[in-house]
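Residue numbers (the numbering used here), protein chains in the order written: chain A, 1 to 339; chain B, 340 to 631.
Careful, some of the hints might be misleading.
[Stated by the list, open to error] The calculated lysine-lysine pairs, modelled on DSS-like cross-linking and capped at a C-alpha distance of 30 Å, are: (1) B:K597 to A:K7; (2) B:K480 to A:K245; (3) B:K512 to B:K501; (4) A:K245 to B:K597; (5) B:K480 to B:K501; (6) B:K480 to B:K512; (7) A:K245 to A:K7.
[Claimed, not checked] Not close to chain B: a few residues of chain A, all C-beta gaps over 10 Å, as computed: (8) A22; (9) L151; (10) G209; (11) A320.
Calculated from the structure, these hints are not laboratory results. Beta carbons: idealized from backbone N, C-alpha and C, even for Gly.
Okay, here's what each chain looks like letter by letter:
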Amino acid sequence: MRPLTVKRLLWTCGGLALLLLASVVLALKLGAVPISVTDLVLDLGRIAIGRADELPTEYRLIVFDLRLPRILLGILVGAALSVAGASFQALLRNPLADPYVLGVSSGAALGSILALIIAPGLALVTPLGAFIGAIATITGVYFLGRREGQLDSTTLLLGGIISASFFSAIILFLMTTLTGRDLRGIAYWLMGDLSTPVSPGMQWIFTVGLVAGIGAIYSTTADLNLLLTGEREAVHLGVDVTRVKLVVYVSASLLTALAVSTSGAIGYVGLLVPHAVRLIFGSDYRLLIPASALCGAIAIVLADTLARTVVSPTELPVGAMTAMAGAPVFVYLLRRGLR
Amino acid sequence: MSTPDTFAHAAGGREEQPHRERAVRLNVEQASYAYSVSAQSVPTFTLGATSFQAHEREIVAILGPNASGKSTLLRLITGTIAPLSGRVELDGEETSRLDVRTRAQRIAVVHQESPIVYPALAGDFVLQGRYPYGRALRFAKPEDIEVARNALAQVGAEHLWKRTIDELSGGEKQRVILARALAQQPRLILLDEPTLHLDIGAQVELLERLRQLAQENRYTVVVVTHELGLAAEFADQVVLLQLGRCLRVGPPAAVYQKELLEQVFDAPLDVEIGPAGRPRVNLRARRGEDIT
Numbered sequence: 001m002r003p004l005t006v007k008r009l010l011w012t013c014g015g016l017a018l019l020l021l022a023s024v025v026l027a028l029k030l031g032a033v034p035i036s037v038t039d040l041v042l043d044l045g046r047i048a049i050g051r052a053d054e055l056p057t058e059y060r061l062i063v064f065d066l067r068l069p070r071i072l073l074g075i076l077v078g079a080a081l082s083v084a085g086a087s088f089q090a091l092l093r094n095p096l097a098d099p100y101v102l103g104v105s106s107g108a109a110l111g112s113i114l115a116l117i118i119a120p121g122l123a124l125v126t127p128l129g130a131f132i133g134a135i136a137t138i139t140g141v142y143f144l145g146r147r148e149g150q151l152d153s154t155t156l157l158l159g160g161i162i163s164a165s166f167f168s169a170i171i172l173f174l175m176t177t178l179t180g181r182d183l184r185g186i187a188y189w190l191m192g193d194l195s196t197p198v199s200p201g202m203q204w205i206f207t208v209g210l211v212a213g214i215g216a217i218y219s220t221t222a223d224l225n226l227l228l229t230g231e232r233e234a235v236h237l238g239v240d241v242t243r244v245k246l247v248v249y250v251s252a253s254l255l256t257a258l259a260v261s262t263s264g265a266i267g268y269v270g271l272l273v274p275h276a277v278r279l280i281f282g283s284d285y286r287l288l289i290p291a292s293a294l295c296g297a298i299a300i301v302l303a304d305t306l307a308r309t310v311v312s313p314t315e316l317p318v319g320a321m322t323a324m325a326g327a328p329v330f331v332y333l334l335r336r337g338l339r
Numbered sequence: 340m341s342t343p344d345t346f347a348h349a350a351g352g353r354e355e356q357p358h359r360e361r362a363v364r365l366n367v368e369q370a371s372y373a374y375s376v377s378a379q380s381v382p383t384f385t386l387g388a389t390s391f392q393a394h395e396r397e398i399v400a401i402l403g404p405n406a407s408g409k410s411t412l413l414r415l416i417t418g419t420i421a422p423l424s425g426r427v428e429l430d431g432e433e434t435s436r437l438d439v440r441t442r443a444q445r446i447a448v449v450h451q452e453s454p455i456v457y458p459a460l461a462g463d464f465v466l467q468g469r470y471p472y473g474r475a476l477r478f479a480k481p482e483d484i485e486v487a488r489n490a491l492a493q494v495g496a497e498h499l500w501k502r503t504i505d506e507l508s509g510g511e512k513q514r515v516i517l518a519r520a521l522a523q524q525p526r527l528i529l530l531d532e533p534t535l536h537l538d539i540g541a542q543v544e545l546l547e548r549l550r551q552l553a554q555e556n557r558y559t560v561v562v563v564t565h566e567l568g569l570a571a572e573f574a575d576q577v578v579l580l581q582l583g584r585c586l587r588v589g590p591p592a593a594v595y596q597k598e599l600l601e602q603v604f605d606a607p608l609d610v611e612i613g614p615a616g617r618p619r620v621n622l623r624a625r626r627g628e629d630i631t
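Based on the sequences and whatever the hints tell you, model everything.
Structure representation (structure tokens):
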């Protein structure tokens, strides 16, 4: 892989941003009601010049009030989960780490459900609960995975998987005992689903949180590059390992919490996307983090489009799509790592 | 194989430099340390008070068998752990109190098995040595590249700049790792068992290079090793450790005493003084009657 230059960084990110735009257009077009691309581009143009009111109402309802918010949420969720995954992989020096596999997603889900039970009326209670759940889980799994002061790969992953199923079991228990809730809705949400509408306020919080989280992680990417070679080496080259780990763990947990509290536990995105990005663009984190964010957004937008269309007129939760693609890749990576 | 002449030459270069008048660069003064499972429990390993001083251009060998406290002493010197008592100073400043960045600008550490998993190119690996001088995302500036290239040239490996790490031989890898340490432009270079996986030719080459670099760039070099022969040939001072105790400090000729070394290394040895005034150590096979 060629060494990374600022020029290559900008070109790659620019190219991926265009791809993201293309997949957004595709996602707007496809669905139960098909819409032609030319119309769509013309209409997008109309909106851009501030003449949105000229669009036919029914059409505007489908494309811009139903599909577009969902696509935007998909972008946020995909970027957040992929960056969180890439960050956990660097900190734990384990290519199999991802918020879902480590149990952080389930921890965040449990956190937000518990928060909803304890203080249902409070604003922002779900993301806050999810954040606390995520932080608590990653701390627990980290200490579970330590053996004689060393992070043990197998123990770590097992700890994560066990935590994930434990938390899911508690969530199921809560779901069955709590009455007056839409069970099907929660079941969908647990699988990871983008169809639940998100309030505009939450969208803003998510956007700000995403930018802050990715920004904080991005500021440490040079350190992460050295951390990949080992903590001891990194210290002797001048990396403040404790600070970097704290910043990245907190930011990655925040990103996971934001994604989970709006769309449930969408699995394997944080595993699949950074891995693909690494294969294509190399493992320099200065490129890997922004490229993962963009590719994660593309992946979720496309996966959700598939989820909406393959069994049309009903739809699948997007988490089912990502798990179908992600689980085989996880097994492949695991087998390759064992050899 | 290098001849004794080159060693004599290396030793001769030292005699022209009267070290003792120069300011002390590395001062280890009654430094001790203890590892324990918890604050209350009995320590599982202790390093007793250790003292020695080193000047610029000097090579110090920390010598001892396994579990003698060599790595602990190394960590004390790098400042990653602070001594329980006593002090470890580099140019008058305690190494454990320096912030990580400053420490990396002054002290470079070469580990026994530096894992090179990333990046792919030798040149980029050497550029990692410029990290403590960089800002934010640390895209290499032209002067960083110049320093890194010079570092590779100084270890005689300028041609490796564009090579991928995977295709390097053990000796070449060792040179690239040393070049990264040089790129840090340190005052003190610490090497932990650097000769462990090298064949004898590469071992001698590495130590001769270290001696030459110490002269040219005024480094102080501390080498942790259990290689008696190499320490005798190349070190100005030897710190002899056994089971966490510092037994002797001094020039090889003073430390290398037959009975002492036999006891520390638990092996029958012969020690003789070579033509350059440096001791030679030969392993003597136990002829059956010694084994009890």
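Here is how each hint holds up against the structure:
Of the supplied pair hints, the one linking B:K597 and A:K7 is violated, its CA atoms being roughly 63 Å apart against a limit of 30 Å. For the proposed pair B:K480 and A:K245, the alpha carbon gap of about 27 Å is at most 30 Å, so the pair holds. At roughly 13 Å between alpha-carbon atoms, B:K512 and B:K501 fall within 30 Å of each other, so this suggested pair holds. Between A:K245 and B:K597 the CA atoms are separated by roughly 50 Å; this puts the pair beyond 30 Å, and the hint is violated.
A C-alpha spacing of about 17 Å is found between B:K480 and B:K501, which places the hinted pair at or below 30 Å, so the restraint holds. Between B:K480 and B:K512 the CA atoms are separated by roughly 24 Å; this keeps the pair inside 30 Å, and the hint holds. The straight-line distance between the Cα atoms of A:K245 and A:K7 is roughly 28 Å, inside the 30 Å bound, and the hint therefore holds. Once the 10 Å rule is applied to beta carbons, A:A22 is consistent with being away from chain B; the minimum gap is 28 Å.
Every CB of chain B lies more than 10 Å from the CB of A:L151, the least distance being 14 Å, so the non-interface label holds. With 10 Å as the threshold on Cβ separation, the claim that A:G209 sits away from chain B holds: the shortest Cβ distance comes to roughly 22 Å. Every Cβ of chain B is farther than 10 Å from the Cβ of A:A320; the closest lies at roughly 35 Å, confirming the non-interface assignment.
Hint violations for this structure: numbers 1 and 4, all remaining hints satisfied.
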